[in-house]
Structure formats: structure tokens, C-alpha cells
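Start from chain A and add chain B according to the hints.
Here the protein sequences come in this chain order: A and B.
Numbering-wise (the numbering used here), the first sequence opens with residue 1 and increments by one.
Numbering-wise (the numbering used here), the second sequence opens with residue 220 and increments by one.
Since the hints were made in silico from the structure, they are not lab data.
Yeah, the Cβ is synthetic: ideal placement off N, Cα and C, and Gly gets one too.
Hints may be right or wrong, so weigh each one.
[What the hints assert, rightly or not] Derived list of chain A stretches under chain B, where covered just means 3 residues or more per stretch with a C-beta under 8 Å from a C-beta of chain B:
id, segment
1, 37-49
2, 106-120
3, 165-173
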Amino acid sequence: MTGRDWVAWAKPGVFLLCLLPLALTLAQGLGGGLALGANPVETLLHRSGLWTLRMLLLTLALTPLSRALGRPWPIRLRRMLGLFAFFYGMLHLLVYLWLDRALDWPVIVEDLTERPYIIVGMVALVLMSVLALTSTRGWQRRLRRNWKRLHRVVYLIAVLGVLHFLWLVKADLREPLIYAVILGVLLALRLPWGRWRRAWTQSAQSAPAVARRSASSSR
Amino acid sequence: MLIRKPADIPSSEITPPEVWRARRTFIQGAALGVGAAALAPLGAVAAAYPRPGEDEPLTPREFVTGYNNFYEFGTDKGDPAAHAHRLRTRPWSVVVDGECARPGEIGIEDILSGFDQQERIYRLRCVEAWSMVIPWLGFPLGELLARFEPTSRARYVAFETLFDPEQMPGQRRRVLDWPYREGLRIDEAMHPLTLLATGLYGETLPNQNGAPLRLVVPWKYGFKSIKSIVRIRFTAEQPPATWNRMQPDEYGFYANVNPAVDHPRWSQKSHRMIGGGWLAKRRETLPFNGYAEEVAGLYAGMDLRRFY
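Here chain A stands alone, though its shape is the one from the complex (with noise of 0.2 Å):
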């Protein structure tokens, strides 16, 4: 046993952190009164809908996060934190189905296939059951290097997300664009910048090469 096994003991943890947003909505709704407000049906979609996202940005940070500090401990969280993402998305989905459109089908049709960022919320849905399927060791077995390559449909997701979040606010798009602006640094964070710059520099010190023959050839 290393000492690094601490990652082991801190995932029940981690575990229970992540049920707490749950918990304390549920001991709300059932306390009855006024805790989830005036518009309780919009208070849970709202809160699901966040702490989707929330978990989706948490696991997208981890892999920068373990190159930052050299540790591999925070890949060892990813897929918890991912499942979680689809647990809120499953719950966000159900609170609209259910309670928000009380099961009335001809009315989810037309929503499904009218409202663009119910369609887009709804694609990421679909996407985030696939990979929560596959997320087993069965299926990273079985799929071998096509299952990291299907598992890089998480950055599609959570760009859907943001935007399923974009179109539906109505003018105040400062909560969206936070979400946005998180995103877009945890995904520029894995653009290949080492080897860019590499480039560059190498580019750069060719290039007066370069001019000068050109210039002479075309003498």
C-alpha cells in the first residue's frame, strides 16, 4: 500500500459532497413551506439543470488539473464526477418530463422538435447516457482506443450545455456566460500549446532563411 492511497479513502467522500445539492433540495421539497419558492418546479429544473453543468466543468478540470500538479490522483475522480454530471442530467430531465410538463406528450413533441435549446439540452442528454453506459472497464475493454476517442464527445456535451443555457435566458446572460468563459478555458487548456510554440519558435528562426532564398531565386 502507497501512501497515495488516500484518493481510495477520500471517494466516499467525495461521493456524499456531490449527493449534497440533492439532499438539501430534497429536505426543502419535503419540508414543505417555502424553501424551493414561489415557483418551485422552476427552482429544480434550475438547480438540476446548474449542478449538470457544475459536475460537467468539475470533470473537464481534472485532467488539466493532474497535469498542473504532475499528480495522476484527479484522473482517479473522473469518472465519478462524470456519472455524476449524468445523474443531475437524468434528475433535470425527469423534473421536466414529470413535473413541469406533467407527462403530457403531444407537448414534449413539440417541444422536442421546435424549441431549439430544448433540442440541444436534449442531444447532450443523449450523448452523456451513451458515455455513462460506456464508462464501465467492460466497455473501455471492448471499444480499446475507440472508447477515448468516443469519450471526447464529453467536450460536444458540455458546449451544448452552455448553449442550451445561452438560449433560454432572456436578456441577463451573465450567469451563462460565466459558464461559457470556464468552459472555454478548460478547453483551451488542452489545445496542443507546447507544440504550437515549438513551431512557431522553429518557424521564426527559419523564416529569415527563408526570405533569403526566395529573395536570390527570384533574382
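This is chain B only, laid out in the frame that chain A set:
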């Protein structure tokens, strides 16, 4: 032996709803010991206007005053209740000018004493697909407008909210093009259902609900009912309206409640009644918010899909 069972009909079903509602409001007002003067004309509550049905109870006061769209105090629904205490509603006056014979300025005290304040229980339908049932205190806008003698050139009425970022911190960010502006066609403005509200639930209008003076046009989406009015202007041309200017394809100038014309991003066929809790079903939205009989005539011959 004859044992008489008490009738299992609640008294609320025997008493006509307008009577018990008015009574309830009266008791609440009296218990709080305020707004007694404003309640005096309640005996004449039988003014001809359609009241929401039995299945549409008054929205609890804490929701009416705690869940508001009033971006001047912030874009969250709780912001107005949290920040509206900064608004000073005295002294307050409204400038009325434009196409009228007697332009001028009228103080809030004169408005409160010069017009019969009556109670009107109206549905409020927000463009965001939720609704409330609110017992307003106020008087028909037309009564005030008539005093300024609009001329034949006055085809529209424009309204403006106070602009003062000190008192209205939400105005420090340009979320909307301040000051908030709205407009009505003159016949809409003169319609007896169109109210200038000075109170609700038998009390002075809380700041977060648009104190000291706001418009209430019950057959239009809530954003038409401009709050904290400082200026009214008669115009010959259709005046600019804030939301309409910002997103003309989403918010029309008329903005009549219409289940047949969806907001481009969401359906307007149904809405949620605030106060129903989290298992309450959505309700079907009615044309003109249920006031079609009274107001549909204003739009005879108009294509309401075009003039939404």
C-alpha cells in the same frame, strides 16, 4: 331519531367568491390596521369586470411581493424584494405631456386623493408562462388621462419608469435600455379594464411591485404593465417599448396574451399558477388572458399573428 348532519359544503361555496374574497382582503387589511382609507370604496366592488374563477384563488401575498420581474433592482426574481427598499416614493410626481390640451405634472398625493381607489382582482400572465391572481387597488387609467385632455392627434400613450441608478441599482448594468419604456394605443389606454395601481392586498403598493404607481393591463403579458411611472406622454406615432426594441421577434408592441402565438423559444399555450406548489398542473392559457369578451373588439380585423 333524526340526526341532522351538518352540511358538508364549505361556506366559501355558498358565499359568492367576490364577496368572500373582498371580505378576506378587508379582514387582512383591517388586521394590519393600514390602508383603511383605501378600503372604504370596497362596498362598491361590484364594478363590471370578469373575476377569476373559484379554481383560481388569490396568489399568497408573500409570492406577489417576493417573486418579481423588476430588472431595475436586479434580474433575479428575488432581487426586487431585496433591493427595492432603496426606492424613495415620496415626493413623487408624474409628468403628463405630448398631444394634449393641458399638459402638466401631477403629484402622487393628488393621484391618491383625486381618484376613487377601487379593488380589482385580476389575473397576471407573465410572458415567461407563469401567472398570479392579484387583488390590486387602483383606478382606471382613462380617468387620469382625461384630465389632461388628449387631442385628436393623441393616438398612443407612452410611459416611462424612473431612471436613477442610486435608487435602482439594477440600472447600473445595461441589461435593458434604460429607462424602461412602454406604450399603449389610446383606445387600449382608455379601456375601463386598464388600471393605474397604487396598492395591492388592501395596502399601499410595495416598492418591488412598482410603487408608487404602476400600470396593470390584465389582457397583456406582464412586461407591458410598466412600474414606478414618472412620465406619461400622448403621441401621434407608436412609441418605443423596451422589450419590443430589444428583441422585436420575441416581444411584440401589442403583447396580448395569446396561446396561438408562441414565444419563439417557448410555448404560450399553458402556464403555471404561482402558489400551486410543485405538483400543480399547468393551466391552459386563454386568449387575452380570459378577458376576450371585454377587449377582443379592440383588435377586430387585425392579424394577431402579425401584431403579436
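A quick look at each hint next to the structure:
no.: 1; hint: 37-49; verdict: holds (count 7)
no.: 2; hint: 106-120; verdict: holds (count 7)
no.: 3; hint: 165-173; verdict: holds (count 5)
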